[in-house]
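Novice: The primary structure of each chain is shown beneath.
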Amino acid sequence: MATTTTNPTLSTFEESLADLGVDCTRTTAADFATTLADIVRDPAVGVPLPFDVEYPDSVTVDPTPAELERAETGITPASYGVANYGSVFLPATDDGAELVSLYPKLHVPVVRADDVLPALPEALDRFGDAAREEDLSAIVATGPSATADMGKLVLGAHGPEAVHVVMLDE
Amino acid sequence: MSKGRGDKAAEIRRLMATEGPAIEENTKGFNRKRREAIEGLENYEELRDRAREIKEDAIDRLPELLDELRTAVEDNGGQMYIADDAADANRYIRDVAAEKEAERVVKSKSMTTEELEVNDALAEDGVDVVETDLGEWVVQLADETPSHLIAPAIHRSQESIAELFKEVFDPADPPETASELTSFAREKLGERIRDADVGMTGANFVTADSGTMAIVTSEGNARKCAVTPDTHVAVTGVEKVIPSTDELSPFLELLARSGTGQDLTAYVSLLTPPVDTPTVDFDDDETPLSERDSDREFHLVLIDNGRMAMREDDQLRETLYCIRCGQCSNSCANFQHVGGHAFGGETYSGGIGTGWEAGIEGLDTAAEFNDFCTGCSRCVNGCPTKIDIPWINTVVRDRVNRGKEPDGYDFLVEGLTPDEEPGGLDLDKRLFGNFETLAKLGSATAPVSNWVAKTGPARWALERVAGVDARRDLPEFQRETLVDWFENRVTAVSDPTREVVLYPDVYTNHVQVERGKAAVRTLEALGVSVRVPDVRSSGRAPLSQGMIATAEEHAHDVYGRLAEHLDAGRDVVVIEPSDLAMFDREYEKFLPEASVERLQEHSYEIMEYVYGLLENGADADTLRGGDGDGVAYHAHCQQRTLGLEAHTVAVLEDLGYDVLTSDVECCGMAGSFGYKDTYYELSMDVGDDLAEQFSTTEARDRTVVASGTSCLEQLDALLSRPSTHPVELIAP
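Protein chains in written order, with the working numbering: chain A, 299 to 468; chain B, 448 to 1179.
Careful, some of the hints might be misleading.
Computed cross-link-like contacts, PhoX-like style, restricted to lysine-lysine with a CA-CA straight-line distance of at most 20 Å [stated by the list, open to error]:
#1 Lys450/A with Lys480/B
#2 Lys613/B with Lys635/B
#3 Lys403/A with Lys833/B
#4 Lys450/A with Lys475/B
#5 Lys833/B with Lys1036/B
#6 Lys964/B with Lys887/B
#7 Lys450/A with Lys613/B
Sample of chain A residues facing chain B (criterion: CB under 7 Å; computed from the structure) [unchecked claim]:
#8 Thr323
#9 Ile337
#10 Tyr383
#11 Gly426
#12 Thr440
#13 Ser443
#14 Asp447
#15 Lys450
Simulated from the structure, these hints should not be mistaken for lab results.
None of these values were measured; they are calculated from a predicted model.
All C-beta atoms, glycine included, are put in the ideal place defined by N, C-alpha and C.
Sequences are here, hints too, so could you generate the full structure?
Specialist: Shown next as structure tokens:
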């Protein structure tokens, strides 16, 4: 499913994600549901996406807290990608995007290819406006949760142990 | 007095044996990764400059930024409280907990709350406080204190954590591997976070323009603590405020790189609370997240606790630029061997720790570990905000010295101490700080002085009274000093290309006279006319002991004596790297800007100067070539900070030597440090790595060469073969 790209920002993003051990799948709006169905581990929950796409039936959209707790996968939108670090900006919203991105073992952020920016300062510039004007909160997430406190690097400390980025061509 | 020193030596020995190995392995791992991470960053120096600039501006405008921040936080619907001290902050936090009728508070790692001892304060009200950072939780379960700013359980091995979990929880199937231990902790802590009433976090940065906090973690526990319970209390120091979100970038890019060598930590939470995230009850299987309330409460508690006074303190102010990355701990050879339980105060540890402890706890606390900083300056080039950490330690040492009352031993050394220091200064400090006077006396009465110094009673007295370890060889003073020798000879250069002043540092002048003679011969062979005037010592020795006024007096004398030579267009050539470092770094604090710039511009390390002469066409054949001879070379710490190691290596290779360079971070001697009975064993332990590297099959038959006096002394103690200064190797 992964397509190669000639856009240097996008290829940098893909390389950075690969360095972090994060899978990345590029898809179109039309193929989104089938692509996602292949990626998620059941049970999967998601928050409504601000993109013109349909979730597959297997995903419970807008879950209850109990459904969230049972979920293996959480799907949330990302406002931007940061190419040189392989980071995604995850907005904390009133439909629980922060919780859905944090509690399940696999997190699937969905980012529009057009929203992948070259470096951190560009993303922070945009975030700053939203923070000042709308009190926006966001998480800059770079790879899965990790700890080295138990003697060796272990993935999946308090947050997800795996991340799979879906890059969307709208 | 000697009992105090003995106790401390015993504690150091204990920590070296128990916690040292894990700390050494971990800190060196961080350093390795840091070097790699920085190499991959094109604009590293620009980022450091920018970070420094932002911090200088923020601390300068702090009162104004705090007002702006308060408006932003309150407009967002949160509350902000500035606490004067720990008691004030704890009272506020206890009130919040009481109002929420909180039974449990979950906490994400925060050194500031360690400073407040907020866990104890809440426990008094019967509140169960649980640390959620895995390292911090281990420390809490073991009833210990953190041993590192960012890696609190760095002193513990995987096995000891497994043992601890077994003891505390007695699980049916005890976890053993790192992965099992992590799952075990995740599960236990997950339950506790879910049931908590209040989440408490620190904040790495707070932006005044929007009221946003940046919290940096890898585990994700800060995120869970901030958004799972409906009440969030963020506690941090007032110095963490920066003007705007646009200025976060350099700090975020430097913080993880400097500390653990990651590009970015896994999560940077940029929270502008109260957050919109709905509150959850995990038993609710009816209400979708979007329909749940996000009725949240947020309190930002900023603590002063001495920080505003530090801001007014010209010397300690820089401490407030610290972003708590832990780099100065990782890069410190002494820290690598004893960790923060020896090299730390009530809260903060490592190089920058004494600045913090002096500012927030007071000089007594800072004094307990201030001596671990040897001023080697290895931490300087890695500090993301370019803080002069060794200088802060020197200032604190000076203030500790001045705070002391005179004691009964003082009369013994009155005649040896023509310094500017107060009467109560520790005898060992006064002895080492006045090494110049001692050296003059030693040379004048040599060889008798050397015989006497070696006798049992003299060594016993030196150890008993001044803390000079009897296991350490003492320097042998030469009857004829370099200056005397030079006065009685005729210069051999008829048509000089350049004129130089060879700076007769106190060691070269009185002890290592041969390396001084070798430097003269080398320079003359390359067509340079040499003068060796009688100039005072640079002041390095008193400075190391925190005797700043005495060091400053030396600086004025040295510059006064060298000024006419600079006027005459002569270069100053220095053999001892720590003295060149003194001209290059510390003299800026003592001399007018124009003077210090002039001195810096025309001062060179001897091998750097030889390198320059050879590059400019001097005839290398006049020097002693190596013909493929193997050399094992150890550069001096301060020489490396100044970027001068490469010149020596280049000259030696140019002359046909086969050079192997040490890659250990320190020899461990560090001037007077290794002479002191309290630190002798630590000094030797640090030096072991160097001994090991120079004893491998590849290195063991090579001539050992080192640039610094201390390094040479340490190498002589560590190895069975002698060591020499590189200029002695190449001199005709």
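Novice: Return the status of the interface hint for serine 443/A: holds when the least beta-carbon distance to chain B is below 7 Å, violated otherwise.
Specialist: Holds. Min distance 4 Å.
Novice: Quick one, is the threonine 440/A hint okay against chain B at 7 Å, beta carbons?
Specialist: holds (5 Å)
Novice: Regarding the pair lysine 964/B and lysine 887/B, is the alpha-carbon distance no greater than 20 Å?
Specialist: Status holds; Cα separation ~18 Å.
Novice: Verify the interface restraint on tyrosine 383/A: the C-beta must sit less than 7 Å from at least one C-beta of chain B.
Specialist: holds (5 Å)
Novice: Do the numbers back the hint for threonine 323/A, that is, is its least Cβ distance to chain B under 7 Å?
Specialist: With a minimum Cβ separation of about 21 Å from chain B (threshold 7 Å), the hint on threonine 323/A is violated.
Novice: Would you mind confirming whether the straight-line C-alpha gap from lysine 450/A to lysine 480/B stays at or under 20 Å?
Specialist: Holds - the C-alpha atoms of lysine 480/B and lysine 450/A are around 15 Å apart, at most 20 Å.
Novice: Just to be careful: measuring from the Cβ of glycine 426/A to every Cβ in chain B, is the smallest value less than 7 Å?
Specialist: Holds. Min distance 4 Å.
Novice: So if I understand the rule, the pair passes when the alpha-carbon distance is 20 Å or less; does lysine 613/B with lysine 635/B pass?
Specialist: holds (13 Å)
Novice: Less than 7 Å between beta-carbons is the criterion; does lysine 450/A satisfy it with respect to chain B?
Specialist: holds (4 Å)
Novice: Given the hinted pair lysine 450/A and lysine 475/B, is their alpha-carbon gap at most 20 Å?
Specialist: OK: lysine 450/A and lysine 475/B at ~15 Å, within 20 Å.
Novice: Would you mind confirming whether the straight-line C-alpha gap from lysine 403/A to lysine 833/B stays at or under 20 Å?
Specialist: violated (40 Å)
Novice: Given the hinted pair lysine 450/A and lysine 613/B, is their Cα-Cα distance within 20 Å?
Specialist: Holds: lysine 450/A and lysine 613/B sit about 19 Å apart, inside 20 Å.
Hint check: violations occur at hints 3, 8 and 9; the rest are consistent with the structure.
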